[in-house]
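K.L.:
Each chain, written out:
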Amino acid sequence: RKEVEQDPGPFNVPEGATVAFNCTYSNSASQSFFWYRQDCRKEPKLLMSVYSSGNEDGRFTAQLNRASQYISLLIRDSKLSDSATYLCVVLPSGTYKYIFGTGTRLKVLA
Amino acid sequence: DAGVTQSPTHLIKTRGQQVTLRCSPKSGHDTVSWYQQALGQGPQFIFQYYEEEERQRGNFPDRFSGHQFPNYSSELNVNALLLGDSALYLCASSLGRDYYNEQFFGPGTRLTVL
Chain Y
1 RKEVEQDPGP
11 FNVPEGATVA
21 FNCTYSNSAS
31 QSFFWYRQDC
41 RKEPKLLMSV
51 YSSGNEDGRF
61 TAQLNRASQY
71 ISLLIRDSKL
81 SDSATYLCVV
91 LPSGTYKYIF
101 GTGTRLKVLA
Chain X
1 DAGVTQSPTH
11 LIKTRGQQVT
21 LRCSPKSGHD
31 TVSWYQQALG
41 QGPQFIFQYY
51 EEEERQRGNF
61 PDRFSGHQFP
71 NYSSELNVNA
81 LLLGDSALYL
91 CASSLGRDYY
101 NEQFFGPGTR
111 LTVL
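Chains Y and X are the protein sequences, given in the same order.
Note that this note's numbering numbers the first sequence so that position 34 is 34, with each residue one more than the last.
Note that this note's numbering numbers the second sequence so that position 30 is 30, with each residue one more than the last.
Accuracy of the hints is not assured; some may be wrong.
With a straight-line Cα cutoff of 27 Å, these simulated DSS-like cross-link-like pairs (lysine-lysine) come out [unchecked claim]: (1) Y:LYS79 / X:LYS13; (2) Y:LYS97 / X:LYS26; (3) Y:LYS79 / Y:LYS45; (4) Y:LYS42 / X:LYS26; (5) Y:LYS42 / Y:LYS107; (6) Y:LYS107 / Y:LYS2; (7) Y:LYS45 / Y:LYS2; (8) Y:LYS2 / Y:LYS79; (9) Y:LYS2 / Y:LYS97; (10) Y:LYS42 / Y:LYS79; (11) X:LYS13 / Y:LYS42; (12) Y:LYS97 / Y:LYS79.
For the record, the hints were derived by calculation from the structure and aren't laboratory data.
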């Protein structure tokens, strides 16, 4: 089983739609969680950290379920510029080793 | 404020050769991590350098080695290149000794092994 698993997609959605991605992780000792965004042939950039109580940043909402070991990202009112690959990242407790999922591709269509 | 820079941007090598990739961290950062990203995959952690020492290593063979210099810049060396080493190599910098500090990625070096 992979340490971090994501549906690779692609998710093709119309502008204005709401889309949700899930990510599961295998190490129950994982401590920190993040969503990164990666545009085609570019470097990953931090989108948001994921906190236990859930957190929101504009149109983006992240949730963490430690009992079920999954993380979610919700994007509301999708924009063309949201088209990218979204990477789920887990940092196990007591390590410096960031573990990335394979990413979920999103295409927002006009 | 200069971000993370990497050189070269592209590189073509043949099997069996050796390669050195370079990274300069974001201004003020003292920690450098290296990742390998194959096509269609997420980045895979190679190792992290802090205070000129490798303080954590991922599941990569000894052919992958690195170095951090007193100015915090870093090199990644790969010996005896294999076709499977073809990938985007990303450097990320962060600050401090804590387990979590936000990582900033450079644009990467795209390595092709023929």
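K.L.:
Which hints, by number, does the structure contradict?
P.N.:
Hint check: 1, 8 and 12 fail, others pass.
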